[in-house]
Structure formats: structure tokens, C-alpha cells
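Asker: The listed protein sequences derive, respectively, from chains A and B.
Residue 227 is where the first sequence ends in this note's numbering, and the numbering goes up by one at each step.
Residue 1851 is where the second sequence ends in this note's numbering, and the numbering goes up by one at each step.
Accuracy of the hints is not assured; some may be wrong.
[Unchecked claim] In the DSS-like style, the derived pairs of lysine-lysine whose C-alpha atoms are separated by at most 27 Å in a straight line are:
1. B:LYS1675 <-> A:LYS87
2. B:LYS1675 <-> B:LYS1655
3. A:LYS87 <-> B:LYS1815
4. A:LYS87 <-> B:LYS1242
5. B:LYS1833 <-> A:LYS111
6. B:LYS1355 <-> B:LYS1331
7. B:LYS1675 <-> B:LYS1710
8. B:LYS1710 <-> B:LYS1833
9. B:LYS1696 <-> B:LYS1723
10. A:LYS87 <-> B:LYS1696
11. B:LYS1723 <-> B:LYS1710
12. B:LYS1675 <-> B:LYS1787
Please keep in mind that the hints were generated in silico from the structure rather than gathered at the bench.
Computed from a predicted structure; not experimentally measured.
One-letter residues, chain by chain:
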Amino acid sequence: MVGEGMLLVMAHPALERSRANQKMMQAAREVAGLTLHDLYEVYPAFTIDVRAEQKRLMQHQIIGLQFPMYWYSTPALLKEWIDLVWLHGFAYGIGGTALEGKRLFVACTTGGRAEYYGPDGQNRYTMEEFLRPLEQTARLCGMEWEKPFVLHASGAKTELALQAGADAYRRRLAALAAVAVFVEPEGPAIQEIRE
Amino acid sequence: MNSQSLLIEALVYLAAGVFSVPIAKRLGMGSVLGYLVAGALIGPFALSLVGQQADVMRFAEFGVVILLFLIGLEVRPALLWSLRGTIFGLGGAQVGVTAAVVGGAGMLLGLDWKSALAVGFVMAMSSTAIVLQTLEEKGLRQGPVGQTAFGVLLLQDLAVIPLFALLPLLAPPGAMAAMPAHNASLLAGQPAWVQTLGGLAAVAVVVGGGRYLIRPVFRFIASARLREIFTASALLLVIAVAVLMELVGLSPALGAFLAGVVLAESEFRRELETDIEPFRGLLLGLFFITVGASLDFRVVMGQPLQLAGAVIGVMTLKGVVMFLLARLGGLERRDAAATAVSLSQVGEFAFVLLGLIAGAGVIGQGPAAFLTAAVALSMAITPLAMAGFERITVMLDRRGRRTPDAPAFDEGAPDVIIAGFGRFGQMPGRLLQANGFKTVVLDSSIEQIELLRRFGRKVYYGDASRVDLLRQAGIEQAKLLIVAIDDRDAASKLVETARHTWPHLKILARAWDRRHAYDLLRSGADEVERETFESALAMGASALRALGFRAHRAHRAANLFRVHDLNSFKKLAPLSGQEESYVLAARDAANTMERLLKTDMDALKPDSVDEAWDVKGRDEELREEAWSGEEDKP
């Protein structure tokens, strides 16, 4: 099934505490052709409606995931959502072709500075490497991997810098939602908002 | 007065009020001016539709007593204590300085110093009724203007007591003969220490009775659950206090205020307010009408210029004095001006005091009639002056913004009103309070209220299905109404009434069962919660665990069941009208259970929980791969 437009799955367990994710969510709201899906608001008790979620995935062409990076991974509910919804026979394996040809876009925020992510930083690996599990998830399901969007040092940024980051995010989402097919990205593998 | 003429008088008064007040309001003048004009029109000096005002006025003065009682109810002792500086400092200064200034003006106009001083004190009084009513209508009661005006008025009421005793002493020697019996005091003529002791005893009775006697009595009365008896006893309380105070020669209004303060922290506060409020409005209206009717047009026509001069002169002097004192007291310029304008008239006590000093021979009868007319006129002008002042400030506001008066009299607007604080309502109530939301709780179970109050909770006695009580509780500022009362029909009725009165209010309601839940939704509730649903589901999960399920599996099975049941709750909503008769309703209940069981069977197969964590399909794939791999081998 070929879906239309973009689905942005947002997961933050305490959105009220995150200026960055709030601003990014607000930016997403302003993008035409984008459906925002706030996981912690819809499933506060982690009782995910699997069939409804699968239908939602099939109805869209671009699947976006927006989340704060926790311990080099996604928040618990987003992981639960992938575990329960991206099933064998649906997303991968024999007969699992529902997501084939769709595009997966990841947008995440980090608490640390951009320079922490690399061989010389305290986190030792680049963001590209930390996002490998999601990249591989996309590959296994036959999806195109869009260049991820990463906003660093989200808690330490000034309002002005955050707003600039959110503006860049909105432009990126608008560009994604507007282009019907996957275009091999040029330049670095990750769009990083450092300052 | 026979019953027919009583009815006719009532007809005239009511008609005058009903027609003139809305017109005055429409013209932006406030209700007080409407009443005053109506009174002047029907009074003996104009259309003469009603006769002598003395009796009616005495009766209507009770409106002021009720007003002070209601104000007392809003003033917790702690607040009164925090206002002591305003009351005694500013209030005392206002009375003293105004008396001196007005008295000085009187001496310049040729009065001897004794008469001038007496007139000065009389003119220092302002009208509690007019000021508070006007400030209330303009929404200024709660802010600095309201508090300052209130403190000053309170001291004036206090000052009336010594003035009654002292003003007649200013009479020239030999003129003391005609001391009028201005009050019905039992202690009149007794030595001063007896009067003082009697007054103190009466105050002790009010405070002690309010503390220890009134609450059990009201609890007993409330347990009878008859609204009119509660109203009657509330009225009885106010009248009893007023009579007691008159007996010992104290001001009934002050006594009522004291009784109100004593009861301000009781659980009956809201209910008392709601029950007494209509009497206040009607009697104050009557009072204003009688003031209007007492305006003697012959005096007005006889000396129009002198009278205008006197009114404007007195009001200007009072206003300037009050403005300067309020500025000294730290009020902002605009607040000080508003306070000064609102307090600039001469009040109802002046009528009584003028009668007193005229009777004692301090001033002549002619000047007394002249001053009485001046007082009435100044009261009539106040609403106009306030309206004019408001126009000016609005014009000034166009140049600069100002912050609204901060509310101070009460705890502020509640976030949530909770009707019913029993075993259900307390849960949402405690959760909301724990998360810092302001709740106002209404409950009609005396035992429950007592228990909760012992733990320091703010709970009020009251039947929450009354719109006026909800309004008192602050529902117009609240974001949410939680209906958690036991009685099913009362709950539905409350939801329906609240929805009808406040279409945009968010209402959450406790439902007794599935049918009641549908009923509440039809009545206009935004969300319903079946009262046993979550606990019964939790017990189902416990049962699964007891039968050997791991905890998380039992938890998830219950979660899934909840989602499924809420879906079927939406799907199986009865068609409208289906539940009209009892027989149909019973059949519907049986049908519903049957349909529920069937959907359970369809939707919830034992294996349907968590298939994601047990990927049978992939395992089979792997086995097939292994199999075909072996076959590929040569």
C-alpha cells in the first residue's frame, strides 16, 4: 500500500520539561501534509493499539520519529511501539512488505554537545553510529533511510538558538513532506544542529 | 397597616425597583442610583404613592445588617487582623480629620464650634451600603480600593457607638431636655460600667456562641435536609444577633459583622452566603428606595443653591481628605482617588445622628432638615460621581495600561469544583490537591465534612445541585466541575443544570453503572467514569496473577480488556429513547450483557495478548530455511 504525506511519531515522556522538543513539535504543526502522532499522549499506560498503529503506518509515505536520545537509544514507549507494531509478517519477513518503499526519517535531540559525539569525545562514537539500529531497522523493512536531523545540547541552548534549530527543523520537514520520492542525500550523513 | 395596603405598598416598591433599576443599569449608572430615583419618584414629596418612610426605613436598615453579616462571612479573622492598620489608622484619621475640616468649614460659615464639630462628625460618616454595593458592581471590592474603603467604613461603624454617647454632650446647657430614645437599649440609663459590661457580654455571647454553639445547631438543622428551614435558621441567626446588639446599645450591623467573622471559617459559610444573599439585595434595594423617598423636595426647591453648595462642598472636602490620607497610607494615586470618590458621600448613619443631635438641641430643626436633604442628595450623587470617575480613568487608560486589582479577600478562584467528597470524590480531590490545584469541595454529609475538616481540608456544606451555590463556590472562574455525588438522579440533574447554565464548562462525572454513564453523557457530561470499573478490572488482573500469570502479562491483559471495553461502551450506546420505560431498560441491560459477552469472545482470544514478543512466524521461517539449506546440499 502506498501511503501519502508524512507521519511524525513523537515520543517524549515529559514534554512539559523539554523546551527543544516543544519547539520542534510546534514547528512540525506548521508543516502542511504532516500528521503529528504524540505517543505518550495517546498511550499514557503503554497500551498500544497495534492494528490502529499499523494502519496509520500504511497510510503514510514518510515515517518520521522525533525523540530525545536516552542512553544512546529511544525513550521506552517508542521502543515498545516499534516492538509491538513493526511485526514479523507486517514490517519484515515473509509477507512483511507493508513498509517497503517508504522512507524513515529520524529527528533526535541530545543533552551533550556535538563534539562529545566522535572518537575524541566522551561518547566515543558518532551520531551516525548511534543511530545504526534504526538505520538497520529501516533497511530490513525495505525503507529508504533519510538523513537524520540531530539537535545537540538541547537543554543548554539559548531560546534564540533553540528557535533557530526549530526553524531549521521546520524547513527540513517541509522539504521532506514536499518531495514525493527518495533522493540520495548529498554532503554529511547527518544534519547536525551544533550551536 | 392592613394587609391590603401592605400588599399595595409592596406592589409600589417592587414595581418601582423592577422598572427603574434595569433602566439605570442600562444607562451605566448602577443599581443604587436606580433605586434612589425610584424612591424619589414614588416618595411623599413627588408622586406620593407611598406614605411616611420611618417604619419602612427602619425595616430596610436591616439590609445593612445583612450586608455586614455577609461581609463578615468573607473576612476570616486573620484577614481582619491584617487590616487592623487600615481600620484604626486610616479609618480613625478619616473620621477625625474629616470632622475637623468640615467642622472648621462650618465655623467659617458662622456656626458655633460645638454645632460645627457635631456636624463635622456626622458628615464624616460614609454609606456602607452604597459604597460596598457600588464597588461590588464595579468589581473593585476585592482589591486595594475595596479593602481600604472597607476598613474605613468598618471604623465609621465602630465610631457610631461613642458618637451616640458623646454628640449630645455638645448641646448648649439647658437644651439637653429632649434626649430621644434613639435605641431600644435595656441598659439605657444604667451607669456607664454596666453598659460597658453589657456590651462586652453581648460580644462574648456572639463570639462564643458562634464558635461552640452555632455549628452543632446548624449541623442538626442541616441533617433535617429541608432547605427552607436552613434559610430560616440563617435569617434567625442574623436577626437574633441584631436584636441582642440593640438590647445592649451596640450597633446591630457591627454585631452582625462580628457574627459573620466568627462563622467565616465554618463549613456552613457558602450555604449561609447563598441563603442570605437574596434578602440582602431586596432589603438594600428597599433601603435605597426609602432614602430616595425621604428626599424633601420642598427643602431642595427652597434653598437650591445653598443645598448644592453644601453637597458639593462636603463631598469635595471629604474626598480631598480621604485622598490625601490614602496617599499617606501608601495607596497608588489612582486607587486613592477611587477610594476618595467612593467614600465622598454622607451615609445612612447621618440620618440617625442628625435626628439625635437635633433632638438634643445641638443644632436647630431647620438646619437638621437641610442637612438631611444634603445627605440624601450626596448619596444620590455618589453613583454618578463613581460613573464619572470611571469615564475619566477609562480615558486615561487609553494612554497607559494598568494591572487589574489582585484579589485578596478570598483564597482566589478555584481551579476545580468537586461536588461530593465521599469515597469517590476524595480520590480525584486528593490527587488534584497533591498536584497543586485549588479545589473547592461541596458535600452534604455532615459526618464527612466534620472528618475532613479535622484534617484541615476546605470543605463546605451545601447541596451542589443549586446553581447559586455553585456560583458562590466560584464555578465561573473554575476550569472544571467534577460531579462525584452518590445519588444517581441528583448527579444527572446536576450535570444537566450545569451544562445548561455554563455551556462551555468542562464536566467530569462519576457514573453508577453503564446505563447511568450513558445517561450522564446525554445530560451533557464531557467524560464519565464508571465508579467500579477500574477497581473491578484490577481485581480481574489480580485473579489472573493468582492463577499463575506473570505480573506483566496479567497487567497487559487487563489493559487490553480496558481498551476493548471502552470501545464497546462507545459502540453499544443505547439509541435515544430506548431506556424510557423500566421494562425496556431491564431488557436492554440483559441485551447489553449478551452483546458484551459476544464481543469479548470475538476480540479477546487468549493468545491475542503480546503476539509481538513471541515471533512464531519468524521461527518457522528459520526452520524452513534450515530445511531447504540441507536439501541444497549435494
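Asker: Check the structure against each numbered hint from earlier and tell me which ones fail, lowest number first.
Answerer: 1, 4, 6, 8, 10, 12
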